[in-house]
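Going down the list, the protein sequences come from chains A and B.
The first sequence begins at 1 in the numbering used here and counts up by one.
The second sequence begins at 1 in the numbering used here and counts up by one.
None of these hints come from the bench; they were simulated from the model.
From the three backbone atoms N, C-alpha and C, an ideal C-beta is built for every residue, glycine too.
Check before you lean on any hint, since a few could be wrong.
Restraint-style ranges between C-beta atoms, simulated for each label pair [stated by the list, open to error]:
{"no.": "1", "chain 1": "A", "residue 1": "48", "chain 2": "B", "residue 2": "336", "range": "45 to 55 Å"}
{"no.": "2", "chain 1": "B", "residue 1": "309", "chain 2": "A", "residue 2": "67", "range": "23 to 33 Å"}
{"no.": "3", "chain 1": "A", "residue 1": "351", "chain 2": "B", "residue 2": "59", "range": "26 to 36 Å"}
{"no.": "4", "chain 1": "A", "residue 1": "162", "chain 2": "B", "residue 2": "3", "range": "51 to 61 Å"}
Number of protein chains: 2
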Amino acid sequence: MSQFWSPIVHSLTPYVPGEQPKVDKLIKLNTNENPYPPSVKVIETLKQVADDKLRLYPDPNADALKQRIADYYKVERNQVFVGNGSDEVLAHTFQALLKHEKPLLFPDITYSFYPVYCGLFGIDYLTIPVNDEFAININDYPQESGAIIFPNPNAPTGKLLALEDIRQLLREHAHKVVVVDEAYIDFGGTSAIALVNEFNNLIVIQTLSKSRSLAGLRVGFAIGHSALIEGLERVKNSFNSYPMDRFAIHGAIASFDDEESFQTTCQTIIDTRNELTNTLEKLGFNVIPSAANFVFASHPEFDAEEIAQKLRDRAIIVRYFNKPRIDQYLRITIGNNDENTKLCAALKEIIC
Amino acid sequence: MSQFWSPIVHSLTPYVPGEQPKVDKLIKLNTNENPYPPSVKVIETLKQVADDKLRLYPDPNADALKQRIADYYKVERNQVFVGNGSDEVLAHTFQALLKHEKPLLFPDITYSFYPVYCGLFGIDYLTIPVNDEFAININDYPQESGAIIFPNPNAPTGKLLALEDIRQLLREHAHKVVVVDEAYIDFGGTSAIALVNEFNNLIVIQTLSKSRSLAGLRVGFAIGHSALIEGLERVKNSFNSYPMDRFAIHGAIASFDDEESFQTTCQTIIDTRNELTNTLEKLGFNVIPSAANFVFASHPEFDAEEIAQKLRDRAIIVRYFNKPRIDQYLRITIGNNDENTKLCAALKEIIC
Chain A
1 MSQFWSPIVH SLTPYVPGEQ PKVDKLIKLN TNENPYPPSV KVIETLKQVA
51 DDKLRLYPDP NADALKQRIA DYYKVERNQV FVGNGSDEVL AHTFQALLKH
101 EKPLLFPDIT YSFYPVYCGL FGIDYLTIPV NDEFAININD YPQESGAIIF
151 PNPNAPTGKL LALEDIRQLL REHAHKVVVV DEAYIDFGGT SAIALVNEFN
201 NLIVIQTLSK SRSLAGLRVG FAIGHSALIE GLERVKNSFN SYPMDRFAIH
251 GAIASFDDEE SFQTTCQTII DTRNELTNTL EKLGFNVIPS AANFVFASHP
301 EFDAEEIAQK LRDRAIIVRY FNKPRIDQYL RITIGNNDEN TKLCAALKEI
351 IC
Chain B
1 MSQFWSPIVH SLTPYVPGEQ PKVDKLIKLN TNENPYPPSV KVIETLKQVA
51 DDKLRLYPDP NADALKQRIA DYYKVERNQV FVGNGSDEVL AHTFQALLKH
101 EKPLLFPDIT YSFYPVYCGL FGIDYLTIPV NDEFAININD YPQESGAIIF
151 PNPNAPTGKL LALEDIRQLL REHAHKVVVV DEAYIDFGGT SAIALVNEFN
201 NLIVIQTLSK SRSLAGLRVG FAIGHSALIE GLERVKNSFN SYPMDRFAIH
251 GAIASFDDEE SFQTTCQTII DTRNELTNTL EKLGFNVIPS AANFVFASHP
301 EFDAEEIAQK LRDRAIIVRY FNKPRIDQYL RITIGNNDEN TKLCAALKEI
351 IC
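Excised from the complex, chain A in its bound form (with noise of 0.2 Å):
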């Protein structure tokens, strides 16, 4: 507390990401990080942008990364924005295109940053109750409000949305700005990307941190219709001019054009998540039907708190939410072979 401060930073409750521990030698399953490294291709590039040229300032505009993503999405570079991680993109989203009179809304079990960027920039929020098995139903969303986000598939949980469902919900909510947050599609879902062209009101937004194993990076991206890519410039460039530092630029390109590396990591974890999945099954466990890069579960007969607690004892961290409706839950990212045996070992252990 300080009287220095703007009256709007006494109320904020600011977001707490998931915990990197400085030791080494810890299997951490807690913040869906890739096990895998990035394309040799991306790392070959980054060493060749630690030059002189350092000394300028990168494109404001990152326009040849747009022209990738565009190139890659097939759509024009006009309908793509680019940030400092999906974070970044998301706090620009809210303040460009989610602050309206009315209400917006998202599940109430969703991504915790939703009400905290809400927070910061004075926006009124509804939350709309998943359903028991954590499924998002469009028809709850009220055609009272002002706009609606939701991560696809959803986090915690995994669970994925159908694209007909989203399309549905645009064709409802044709009046108002729909926030697909695919942070984690590219593990088994079909990306809103494919409706950008079909509705001007629906913004997607992706990051380069997961499925292409590039979280030390900062790179996310929206696409979108031009005129609501236009809002989210806009308040871009009144809040900073250079987000994007030229290793950004220049290692996100390099990832668009390695598609085997992707390809092959991503269909690597979609392997282990499914035998990690029958694993837990096997140990009583009930597991959601994920389309992401970890899962979510909950075992009947023990405290999901004290399983992450003993876990931690011996060196294995995952993802515990003491949240309602989901504190007997679980969020375990999937490793490699080696840390998911390792993991799959330790609950055996913990729990028979």
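Based on these hints, arrange chain B on the given structure of chain A.
For chain B alone, kept in the frame of chain A given last:
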């Protein structure tokens, strides 16, 4: 214009950064970039950062970098805030510390991003005219105000305010935040960081873009009382958990580790600035005494915009602002010796 924009977006007038032309072989003296490369140790470090660890998130708090900056400036780690370039640090500062019932004050001739931030965050402001020599007179700053911000040296004039004046201003406005924006301080000024333990209402903001030749890396920081820094952290953690990527964190640390390279570069630019000032004065220019890596100059007989255009015809870009009081001035970045020689030759051609 779009029906989908949040109302605030319609009224924004985004900042327009200096042009970043995509052709080579231009002499680029328009965005105050450092003509000399970053330390070879920084480049070396950055090449090492390009590895498989990029799959992992960076430390959301960038503690190692904060500690390095704290050690360098002999303050505590909780007195340091870091961000994606000083523009992002400024953005968070405007939102976290400068929005009050009474208006924010800044000079009429100053960094033109300030009114843009005010527009974005709905901050009421009042500009205080600098005098005819472009000097800030601290006695002109009224008590009836919510906070004060100014660059030192000022932009785009390069004019320095003495530390004693800043101390007096802090004393006379002890109940409001005073922000000293020191993007150019390393080129001959004395930093107000010396005063942060004396005044709990002072925030000093710096960047690695200019004096440390790292515009392409995007690192800025703020130093002040821990309660002010906490206000910034609260806003930052409600906006983006991980603004500093792995390159920014480790490259910046390496830069503070190479004092010799830093000092040599700054001194060379100061020497070149003095030479350029002499030459310009011989050509009849009026040059404002500069403590920055640029000079601000006007010619009594030649129109500034016309000179800028004629320089551009010769593949030299300088910055021209079509704004009241300064529309007969050019802001010329200090280049290397070769660029300096070519600039002077071109100006001789244009003027003689």
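Hints and how they fare:
1. At roughly 23 Å, the beta carbons of residue 48/A and residue 336/B sit outside the given window of 45 to 55 Å.
2. Roughly 30 Å separates the CB atoms of residue 309/B and residue 67/A, a value that falls within the hinted 23 to 33 Å.
3. The hinted range of 26 to 36 Å is satisfied by residue 351/A and residue 59/B, whose Cβ atoms lie roughly 33 Å apart.
4. Checked against the hint of 51 to 61 Å, the pair residue 162/A and residue 3/B fails, with Cβ atoms roughly 28 Å apart.
Comparing the model with each numbered hint stated earlier shows that hints 1, 4 do not hold.
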